[in-house]
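Can you make the complete structure from the sequences, with help from the hints?
Protein chains in written order, with this note's numbering: chain V, 1 to 217; chain D, 1 to 417.
Careful, some of the hints might be misleading.
What the hints assert, rightly or not - Label pairs and their computed distance ranges (CB to CB): (1) V:V143 <-> D:L391: 27 to 33 angstroms; (2) V:I8 <-> D:A409: 37 to 43 angstroms; (3) D:P344 <-> V:K64: 41 to 47 angstroms; (4) D:G119 <-> V:A184: 45 to 51 angstroms.
Treat the hints as calculated values from the structure; they're not laboratory data.
Even for Gly, the Cβ is constructed at its ideal location relative to N, Cα and C.
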Amino acid sequence: MRREIPLIITFVVGVAFVIQYFIPHSPFDRFEQLFSDWFFIIAACAIWLGALNLMKLSLIKIQKRRKDWQYAVVIVVSWLTMAIAGFAGGRDFQTPGTAFDWLYQYIYTPLSATMFAILAFFVASASYRAFRARNLQASLLLVAGFLVMMGRVLFDDILFGRLFENFQPLADVSNFIMNYPNMAGQRAIMIGIALGIVSTALRIILGIERSYLGGGD
Amino acid sequence: MILRYLAALLLLLLLFVPVVGATVADEDFVDSLAVDTLMLARDAARPAPASDVVAKDTPNDNGGSIQIRWSPSSDDAAGKVFRYDVERKVAGSADETFEVVGSTPAGVGAVTDNHAKSGIEYVYRVVAINTMPPSAGIGEPTLVQSYSSLSKSVIASAQWFNTRRTIVLIFALVLGALIIYYISQAKAGKELFIRKIAGLEAVDEAVGRATEMGKKIFYIPGTQDMENIQTIAGVNILGRVAKLAAEYETDLDVPVSRSLVMVTAREIVKEAYLNAGRPDAFNEDMVHYLTDDQFGYAAAIDGMVVREQPATMFYMGAFYAESLILAETGNSIGAIQIAGTAMPAQLPFFVAACDYTLIGEELFAASAYLAKEPKLLGSLKGQDVGKGLILIVILIGVIIQTLGVYDFASLFSVPVD
Chain V
1 MRREIPLIIT FVVGVAFVIQ YFIPHSPFDR FEQLFSDWFF IIAACAIWLG ALNLMKLSLI
61 KIQKRRKDWQ YAVVIVVSWL TMAIAGFAGG RDFQTPGTAF DWLYQYIYTP LSATMFAILA
121 FFVASASYRA FRARNLQASL LLVAGFLVMM GRVLFDDILF GRLFENFQPL ADVSNFIMNY
181 PNMAGQRAIM IGIALGIVST ALRIILGIER SYLGGGD
Chain D
1 MILRYLAALL LLLLLFVPVV GATVADEDFV DSLAVDTLML ARDAARPAPA SDVVAKDTPN
61 DNGGSIQIRW SPSSDDAAGK VFRYDVERKV AGSADETFEV VGSTPAGVGA VTDNHAKSGI
121 EYVYRVVAIN TMPPSAGIGE PTLVQSYSSL SKSVIASAQW FNTRRTIVLI FALVLGALII
181 YYISQAKAGK ELFIRKIAGL EAVDEAVGRA TEMGKKIFYI PGTQDMENIQ TIAGVNILGR
241 VAKLAAEYET DLDVPVSRSL VMVTAREIVK EAYLNAGRPD AFNEDMVHYL TDDQFGYAAA
301 IDGMVVREQP ATMFYMGAFY AESLILAETG NSIGAIQIAG TAMPAQLPFF VAACDYTLIG
361 EELFAASAYL AKEPKLLGSL KGQDVGKGLI LIVILIGVII QTLGVYDFAS LFSVPVD
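See the structure below:
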């Protein structure tokens, strides 16, 4: 029964979702919202599982003085600070001027922005590797990438702006690459993804795919 | 003497009465003239009514909605219509009060009443409204309006099938039938050819490498929750990787960003270790939660990667901007990296930074491919044949559309609700 009950639930919910897509009549029209609400309620309650797991592992690491235990101290202190500031603020904990809001605005947001900003450097290093002209395909990628970049930064104005009005060959080439070869490739991938999703969903609904229940049998 | 005064007073009265009377009569005349002018101005400003008002139940919906269309007023093009109000009342009701259910600017001839009650019969009329400027005799602009005739009565009702999704249903049924057919073929013992997927062929090698180096395997199941099918595909693959890790006695670390993913992944890893005959090697903390926050999660993993220097990294699931932050950090420490995602925007990043990338559908095929179970492989075969079918349809469509014989694309259009 440990396996059958989840399989039955999966089947019933899966079929209900498929039906509600094609039948707009009540009660099917409410299924999507209903299941979505239930999912968010369960996920919201489950956050404690994760949060307590993080605290447990961090405290054990500190207690046993494992390697790099100092980082665990940062986690515990940060966790407690945010949690206390949040609970102390009551229902209005997000209101501007509260301790939680201050921590959010002046610590959390800049830290997130910093991580996001690092992406620029990673893009540069990844591009350097990807655009090396090692073979024909990589060379084509390099040329296409170069043309798109030149078109997107309005390089035409610098090259031709003084001589001709509205003459933007690089922008035209860039748009062509993006609108045709790139779009064709993207759509091919999207069709594959859609088929993969249907196939996976069908495997799960029919109980053929059971790995997500633990184990593959 | 008194008589003289009385006579003079009488004379004065006789003289003034006609004058006063004439003044009052003149004022009345001016007033009536102003009213007539106002009426004339109103009539001049009044637009011709809208016509052909048709109300019908909104198709393919869950009821409670009626679409109203009309031919605009003949004065619409001349700029004599400011807006149209659509009014309704219950058909056959003694109450003659109309309720405004929608407005449109001039030039528009349709509105949807989304506040109708299913099962009640309504009639609609359209009010063409124009504004009369202050210069027409009064201090502020006034509205002049004309009413259309009533529409036929209509009832809002819910439908049992959304006909706009017929083509989706047909494709789903065809694909489903193909998948089920090939599953039955596989179960009957028929050998099915499945093309090789390099990224999945390399899973054994990647786990083996970690074993040889005596280092950890990091498995990142994306940043989305369990309701995302990519996460489900990701944790499905985790089961196979965990089984291999258990057999090779290699450390596995699964940092997750969602509590529900943690619970699910923990069960999967536990079961995999059990199936590999190594339940003693399972430690539930090998699947642990970090944070729900996207960049916090990326930062935490980057820190762990740099400190612990894993030999192998798997990224399987839904990723956003953190994809390159993670993959480049893994690349910088020289880990063998296998990624799989169905996020088209992130695929180039993974291709640039990882050794192998499962592109889109390959992520969903991975679990079946690795399991090598006939039933699962049959579903893969069905999926591939379905793709072949779609390719043929696209090819035929391109030819027909290019030749201009028929609007083939219209057969497959699914209007946005």
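- Task: Kindly indicate which numbered hints from before are broken by the structure, ordering the numbers from low to high.
- Result: none
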